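By the count of our numbering, the sequence shown reaches residue 266 at its end, each step adding exactly one.
For the record, the hints were derived by calculation from the structure and aren't laboratory data. Some hints here could point you the wrong way.
Said to hold, decoys possible - Listed next, the in silico EDC-like pairs over lysine to aspartate or glutamate satisfying Cα-Cα at most 16 Å (straight line):
#	residue 1	residue 2
1	K50	E40
2	K190	D217
3	K97	E56
4	K190	D205
5	K152	D124
6	K239	D217
All values reported here derive from a predicted model rather than from experimental measurement.
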Amino acid sequence: MNGLRRHILVGAILAAAAGAVGCGPDGEPHYTILLAVISEPDTHVQIAKKFKAYTEEQTGWQDVYIVHEHGISRMYRGQYVTRSQAEGHLKRSHNVKASDGMSLFPGATIMNLPGKQIGRPEYDLSRTTRTWTVVVAHFFNVPKARYVGREKFAADYCQQLRDRGYQAYYQHGPAKSVVTIGDFAESAYKMAISPGGAATPYITDPALEKLLRAFPDLAVNGRKEFHHIYNPVSGKREKVATSTHIMKIPHKYGVAGDEVDPVGNW
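The task is simple: from the sequences and hints, build the whole structure.
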């Protein structure tokens, strides 16, 4: 079990941040419990199958299932019409321990059933065709603060931006949802290589530059996020807002692209 635990440790952390909200009053199941995320690129399928078998052996559960994707597997339990129906099983999932006394599912959380689309399909970032976009918002679940539903919040903000005339998109990953604006060609953002080999990024598309000026600050759960930097001129730490940033669009697989900030730090 120690080998399995090593592989799913990161998955437990991801699961803790990956809860979502859906709508269940129609009588159809909309919820499930995410138990673990296995993200070993070459062996996640085999590891997930072994972990499922181990879980069933230890608990007697018959409603555990796995969803495999490119480079990642997620293990779930049950299908529920409402969140309240899932809460009892969630508590029991948190209490399950391995033979060494360690919790098997410390990051288990309630989330939407896999495949339940949150947001208009045509605004899904993966449907774009070009290379660059600008990330303007991050959404995370914060269960302790009763802030859950990051997928819906992201989809709603995307729609608000669309209503204002912006070419906005959303992307739902295992731990966060992002909202972006724009679908720029590869030539819009380039790297200049100096004779000494140093790489300096630069923007060639005025529309991309204008967008970064229009949205300078990243919104995190609907608010500006601040951090401290050291100002070498004043010799003091200064509080500054986290900036929006350019992201390479993941068109088919994966949950996040390569992100760079407006000054080109990769």
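Structure-based check of each hint:
1. K50 - E40: holds, 14 Å
2. K190 - D217: Answer violated: K190 to D217 is near 22 Å, above 16 Å.
3. K97 - E56: Holds: K97 and E56 sit about 13 Å apart, inside 16 Å.
4. K190 - D205: holds, 10 Å
5. K152 - D124: At roughly 13 Å apart (the allowed maximum being 16 Å), D124 and K152 satisfy the hint.
6. K239 - D217: Status holds; Cα separation ~13 Å.
Checked against the numbered hints listed earlier, the structure breaks hint 2 alone; every other hint is satisfied.
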